[in-house]
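> Sequence:
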Amino acid sequence: MEKSLFRYIWTHSKRDQLFICFVVLLSQPFYFISLDLPRRIVNEAIQGEAFKDGNATAPFLQIHIDWPQWLGGGSLHLFDGFQVGRVGLLLGLSSLFLFFVVVNNGFKYWINLAKGVLGERMLRRMRFELFAMVLRFTPEALRTVKSSETATIIKDEVEPIGGFIGDAFITPVLLGMQALTALVFIMVQNVWLGLMALGVIAVQFTIIPKLRRELLRLGKQRQLASRELAGRIGEVLDGIEVVHVHNAYAWERAEIGGRLFGLFSIRLKIYNRKFAVKFLNNFLSQVTPFLFYAIGGYFALRGTLDIGQLVAVINAYRELPPPLKELIDWDQQRLDVQVKYDQVTQHFAEERLGPMIESQEEIEDEPLAGPLVAEGLSISGPHGDMIIEDASFSLELPTNVAMISPGSPAASIMARVLARRVPNFGGRICIGDRELVRLPPAVVGRRVAYAGVDPILFPGSIRDNLIYGLRFRPMGQTEEDRREMAQRIAEAARTGNPFESISDCWIDYERVGLKDEQDLDRVLVTLLERVEMGEAIYLFGLAGQIDPERHTALAERVVEARRRLQENFRSNGMADLVEPFDMGRYNEQATVAENLLFGVPISDEFMGRNLADNPLFRSAIHRAGLTDKLTRMGLEIAETMTEIFQGLPPGHSLFAQFSFIGAEELPEFQAILRRQSRNGHNLKRDERTRLLSLPLAYVEAKHRLGLLDDELRQQVVEARSLIRETLEKADATGVEFYDPERICMAAPLRDNLLFGRVNYQVADARHRVAEAVAAVVRELDLLEDVARIGLDHEVGAAGRLLSPQERASVNLVRCLVKRPDILIIDGALAPFDEERAHRILQALLDHLEQQSLFMVLSNDRQADAFDVQMRFSDGRIVTEKAADPQRRAKTPAMEPAPSVAGEVA
Numbered sequence: 001m002e003k004s005l006f007r008y009i010w011t012h013s014k015r016d017q018l019f020i021c022f023v024v025l026l027s028q029p030f031y032f033i034s035l036d037l038p039r040r041i042v043n044e045a046i047q048g049e050a051f052k053d054g055n056a057t058a059p060f061l062q063i064h065i066d067w068p069q070w071l072g073g074g075s076l077h078l079f080d081g082f083q084v085g086r087v088g089l090l091l092g093l094s095s096l097f098l099f100f101v102v103v104n105n106g107f108k109y110w111i112n113l114a115k116g117v118l119g120e121r122m123l124r125r126m127r128f129e130l131f132a133m134v135l136r137f138t139p140e141a142l143r144t145v146k147s148s149e150t151a152t153i154i155k156d157e158v159e160p161i162g163g164f165i166g167d168a169f170i171t172p173v174l175l176g177m178q179a180l181t182a183l184v185f186i187m188v189q190n191v192w193l194g195l196m197a198l199g200v201i202a203v204q205f206t207i208i209p210k211l212r213r214e215l216l217r218l219g220k221q222r223q224l225a226s227r228e229l230a231g232r233i234g235e236v237l238d239g240i241e242v243v244h245v246h247n248a249y250a251w252e253r254a255e256i257g258g259r260l261f262g263l264f265s266i267r268l269k270i271y272n273r274k275f276a277v278k279f280l281n282n283f284l285s286q287v288t289p290f291l292f293y294a295i296g297g298y299f300a301l302r303g304t305l306d307i308g309q310l311v312a313v314i315n316a317y318r319e320l321p322p323p324l325k326e327l328i329d330w331d332q333q334r335l336d337v338q339v340k341y342d343q344v345t346q347h348f349a350e351e352r353l354g355p356m357i358e359s360q361e362e363i364e365d366e367p368l369a370g371p372l373v374a375e376g377l378s379i380s381g382p383h384g385d386m387i388i389e390d391a392s393f394s395l396e397l398p399t400n401v402a403m404i405s406p407g408s409p410a411a412s413i414m415a416r417v418l419a420r421r422v423p424n425f426g427g428r429i430c431i432g433d434r435e436l437v438r439l440p441p442a443v444v445g446r447r448v449a450y451a452g453v454d455p456i457l458f459p460g461s462i463r464d465n466l467i468y469g470l471r472f473r474p475m476g477q478t479e480e481d482r483r484e485m486a487q488r489i490a491e492a493a494r495t496g497n498p499f500e501s502i503s504d505c506w507i508d509y510e511r512v513g514l515k516d517e518q519d520l521d522r523v524l525v526t527l528l529e530r531v532e533m534g535e536a537i538y539l540f541g542l543a544g545q546i547d548p549e550r551h552t553a554l555a556e557r558v559v560e561a562r563r564r565l566q567e568n569f570r571s572n573g574m575a576d577l578v579e580p581f582d583m584g585r586y587n588e589q590a591t592v593a594e595n596l597l598f599g600v601p602i603s604d605e606f607m608g609r610n611l612a613d614n615p616l617f618r619s620a621i622h623r624a625g626l627t628d629k630l631t632r633m634g635l636e637i638a639e640t641m642t643e644i645f646q647g648l649p650p651g652h653s654l655f656a657q658f659s660f661i662g663a664e665e666l667p668e669f670q671a672i673l674r675r676q677s678r679n680g681h682n683l684k685r686d687e688r689t690r691l692l693s694l695p696l697a698y699v700e701a702k703h704r705l706g707l708l709d710d711e712l713r714q715q716v717v718e719a720r721s722l723i724r725e726t727l728e729k730a731d732a733t734g735v736e737f738y739d740p741e742r743i744c745m746a747a748p749l750r751d752n753l754l755f756g757r758v759n760y761q762v763a764d765a766r767h768r769v770a771e772a773v774a775a776v777v778r779e780l781d782l783l784e785d786v787a788r789i790g791l792d793h794e795v796g797a798a799g800r801l802l803s804p805q806e807r808a809s810v811n812l813v814r815c816l817v818k819r820p821d822i823l824i825i826d827g828a829l830a831p832f833d834e835e836r837a838h839r840i841l842q843a844l845l846d847h848l849e850q851q852s853l854f855m856v857l858s859n860d861r862q863a864d865a866f867d868v869q870m871r872f873s874d875g876r877i878v879t880e881k882a883a884d885p886q887r888r889a890k891t892p893a894m895e896p897a898p899s900v901a902g903e904v905a
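Note that the UniProt record's numbering gives residue 491 to position 491 of the sequence shown, counting from 1, and the numbers run on in steps of one.
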């Protein structure tokens, strides 16, 4: 980045800055006139100087130009104005004053708006440039840079810089011109009063900035401390499991508390200094009016200054302190922002950055073909020790290579060198006639894939993470409002941002040999099955929701599959495994809330405990006569739960089994029960709501408290239609109701297939139902459609919603789907057991017959499966070709993992 903030601002915004400054200069004559009008109102209208010769009228809006003597003197009359009386002149001049007030404020409005827009545009540019630099951080820099600190810089620390950018040139021009205009006006009226004002201004501009320098030092100290605090909190969050394991809560609380005290102490010093400077500045600002009243009044008494001039001078001085104060504040802000900008440039120093990332259109996308040759290769470790020293080797590509270095990191470091994750090494590595370090990052990103031991997944769906490596550049634009698109592109051009939109089509299907999105999904599912994640994707699909627009074929056949499944249950004597949803019958396996709604909530106000407080729901069950009965049921549940949980620790398994009340809520319900026993049925609304929420989560078949009788069940069933009618009349769209003849988009696919609940009381019911569902899915050839829904499963932050094995599988498929020329695996199979890892390895070798595979191994147990064995010992590299290169073809083809139906409910 540019080292000088002002040079950076001027380079990217000089046109806008100059135009706004021109408008500032244009506004000054209007400002001067508004300062002079109070003098004319007092002298000409109130004191009657315009009528002193006995004239009954005086000219109003007379426009003439008086030429100075050095231009020959005289005057030029442009307009003689209107003849008005004394009252008319007073009202006319007052109205003219009001008009110029509006004009001046109009100028201020436009100037401030233009400054704000300019600052926001420059802030957008700066943030994007910083993010682009983040993408260029070298691997060495990434080991020392904390992600939380970098994010804080881009998000928070550049915010005041962006706010200052609009003020950088315009504010001193605007405020300086306002102050200069007011000062010139005062000196025109009386030179001594003007010199007094100038003297006070000189004192202010000399003393105040010096006193504020300590504030800059303290501000910089606080900024660094705040950044370190953010980094430490990020470290604790990343390592929270270690904190839990080692009971380090007190230590971490004490450390963060100490850091917060340090921030408080710095802020206290800033406040003491800041308000002392403010006191002095305000005092100096008020000294001048005292001098004006005393000395200006003396001049008026002596007759050397008329009353109108004194009023005008005092009025003009009222306009002088604000711009002066803001100029001093601007200077303080300038120094403060320059410090922040310097710290930002230090964080994104040039030595931390890799080469510029070329435009995707300029890259020649040629395959990495030819021999892989390393000459004089030397690689040092993090402590300066030589891991590999003066080594050379040559390999014909494509091939598959086992990289073996027992007890040494040499193989792993070599793998990272080949993947361009370690750019600094001695010697040279060439692929064909191209040197590895000179390959553009875009070519390496397309043609080389690296799967390390720690898979990095981004929040989003499994599909989003799998196709991440295919999003090189947009291949086509989506339909977009032309005006909105034109505005987006115009703003991108002005702020140095990309013209592309993430809503465009970013996948080059032709390059990976595919036709469309559906074809891509098919390949993704196939690859996931190869790495033995097919069952997980199937189960994710059953737990996912159907989007009729994306899963059209499946949406049309779900009802058919539902009927087929119900027929199979009946014909095979399995009807008792699932209790179906029936509008005229209570479902014993569902909660009371599910039975009342007979549908799936799609908004928060109808979910969980919010349902008990929903006015529409409350009015419907009240009309159905259920409110008092459910409240009494809640009291019984609360009494039972408080008895059961009495004396149990918070983590006891009974809290999970009876999930009505959490351990932290026990005292609240105990207090409600005590008040109810004293006052009878006089419960407050919030207490009734809390009690009402308990039976709504009750499942008789699961909790078995014997609280539901046939009469209450029938009332619940009868209340369904009343609740539906109430919601439909109010146009409430918070619930999607069940319908046996159509799908429920808010419900998971498995619920749409079963259209009921698994019977808890039948042994092994869940597994038997899962097998029956899987059989129908295969029978109707819906397995691929279900898996496509599974691709929409969210992985969570850093993939935490997936198991380590699933994260590793997603990482492998993400590498495979872009069809790299070279795939490098460095610990990516570590989460799998040895047998499963061996099966996945065989699948990879079969899949990569036309590509190269480099895999880091810790021992020789799997080395025989590779064509070449690369061994690392004492800084040397020895390559050995397999004795029987064809033996891999003789190994039996990998059998697919056994299909397990899994759980359904």
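There's no promise every hint is true.
Derived Cβ-Cβ restraints for the label pairs, each shown as a range [as the list claims (entries may be wrong)]:
id: 1; residue 1: G354; residue 2: P406; range: 48 to 58 Å
id: 2; residue 1: S392; residue 2: V453; range: 20 to 30 Å
id: 3; residue 1: F283; residue 2: L195; range: 34 to 44 Å
id: 4; residue 1: G85; residue 2: Q338; range: 22 to 32 Å
id: 5; residue 1: L673; residue 2: S721; range: 33 to 43 Å
id: 6; residue 1: L722; residue 2: E517; range: 28 to 38 Å
id: 7; residue 1: L195; residue 2: A492; range: 46 to 56 Å
id: 8; residue 1: P367; residue 2: D504; range: 24 to 34 Å
id: 9; residue 1: Q221; residue 2: M745; range: 29 to 39 Å
Taking lysine to aspartate or glutamate pairs in the EDC-like style, the calculated list, with each CA pair at most 16 Å apart, reads [as the list claims (entries may be wrong)]:
id: 10; residue 1: K629; residue 2: D709
id: 11; residue 1: K146; residue 2: E120
id: 12; residue 1: K629; residue 2: E741
id: 13; residue 1: K274; residue 2: D331
id: 14; residue 1: K210; residue 2: D156
id: 15; residue 1: K629; residue 2: E560
id: 16; residue 1: K3; residue 2: E214
id: 17; residue 1: K702; residue 2: D628
id: 18; residue 1: K629; residue 2: E711
id: 19; residue 1: K210; residue 2: D331
id: 20; residue 1: K684; residue 2: D628
id: 21; residue 1: K340; residue 2: D156
id: 22; residue 1: K210; residue 2: D342
id: 23; residue 1: K278; residue 2: D342
Simulated from the structure, these hints should not be mistaken for laboratory data.
Since the model is a prediction, treat every value here as computed from it, not as a measurement.
Think of the CB as a built atom: it goes at the ideal place given N, C-alpha and C, for glycine as much as any other residue.
> Does each hint hold? Answer for all of them.
Results of checking the hints against the structure:
no.	hint	verdict
1	G354 to P406: 48 to 58 Å	33 Å, violated
2	S392 to V453: 20 to 30 Å	28 Å, holds
3	F283 to L195: 34 to 44 Å	20 Å, violated
4	G85 to Q338: 22 to 32 Å	59 Å, violated
5	L673 to S721: 33 to 43 Å	34 Å, holds
6	L722 to E517: 28 to 38 Å	44 Å, violated
7	L195 to A492: 46 to 56 Å	53 Å, holds
8	P367 to D504: 24 to 34 Å	26 Å, holds
9	Q221 to M745: 29 to 39 Å	56 Å, violated
10	K629 to D709	11 Å, holds
11	K146 to E120	27 Å, violated
12	K629 to E741	33 Å, violated
13	K274 to D331	14 Å, holds
14	K210 to D156	28 Å, violated
15	K629 to E560	40 Å, violated
16	K3 to E214	23 Å, violated
17	K702 to D628	24 Å, violated
18	K629 to E711	11 Å, holds
19	K210 to D331	11 Å, holds
20	K684 to D628	13 Å, holds
21	K340 to D156	11 Å, holds
22	K210 to D342	21 Å, violated
23	K278 to D342	27 Å, violated
Checked against the numbered hints listed earlier, the structure breaks hints 1, 3, 4, 6, 9, 11, 12, 14, 15, 16, 17, 22 and 23; every other hint is satisfied.
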